[in-house]
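Q: Sequence:
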Amino acid sequence: PGHWEAWLREPVRFDEALAEAAAEPAAVIEMGAHPVMAAAVRAAFGSRLIAYACTMRRGEPGAFVRSQRAALPGFAAGLEAALRGLSVSLPRRGAFVLDYDADFAVQ
Numbered sequence: 001p002g003h004w005e006a007w008l009r010e011p012v013r014f015d016e017a018l019a020e021a022a023a024e025p026a027a028v029i030e031m032g033a034h035p036v037m038a039a040a041v042r043a044a045f046g047s048r049l050i051a052y053a054c055t056m057r058r059g060e061p062g063a064f065v066r067s068q069r070a071a072l073p074g075f076a077a078g079l080e081a082a083l084r085g086l087s088v089s090l091p092r093r094g095a096f097v098l099d100y101d102a103d104f105a106v107q
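No gaps in the numbering here: position 25 of the sequence shown is 25 in full-length UniProt numbering, and each next residue is one more.
Since no wrong hints were added, every one of them can be taken at face value.
DEER-style ranges, computed between Cβ atoms:
hint, residue 1, residue 2, range
1, 66, 30, 15 to 25 Å
2, 11, 70, 36 to 46 Å
3, 20, 62, 29 to 39 Å
4, 11, 67, 31 to 41 Å
5, 75, 8, 30 to 40 Å
6, 5, 71, 31 to 41 Å
7, 35, 7, 15 to 25 Å
8, 26, 74, 20 to 30 Å
9, 2, 48, 27 to 37 Å
10, 7, 29, 19 to 29 Å
11, 34, 71, 16 to 26 Å
12, 25, 62, 29 to 39 Å
13, 55, 24, 17 to 27 Å
14, 49, 75, 16 to 26 Å
FYI, nobody ran anything at the bench for these hints, they're computed from the structure.
Every residue gets a Cβ at the ideal spot worked out from N, C-alpha and C, and that includes glycine.
Take these sequences, add in the hints, and give me the full structure.
A: Printed below as a string of structure tokens:
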């Protein structure tokens, strides 16, 4: 709860994080219910943005989202091949996967 409370009361400093990330060419995947950060990401990265993708869009039917999820293993394999040889360190604390199969859960 403290983390979310801080987000409500304190600046998020997203622009600073984007500026630091945009120092190098990158591909960006926005995880969320709608690509609300697309314009900010594209503006920050400019020509250094290799690719931008979002995971969902408001109003997409559940069948479409499920078809996109079905394609994820192939995407993951391609991403792994593209990143092979790079040193990437991601925190694993508290990570979990939510697996919903109801239309309302993917909207």
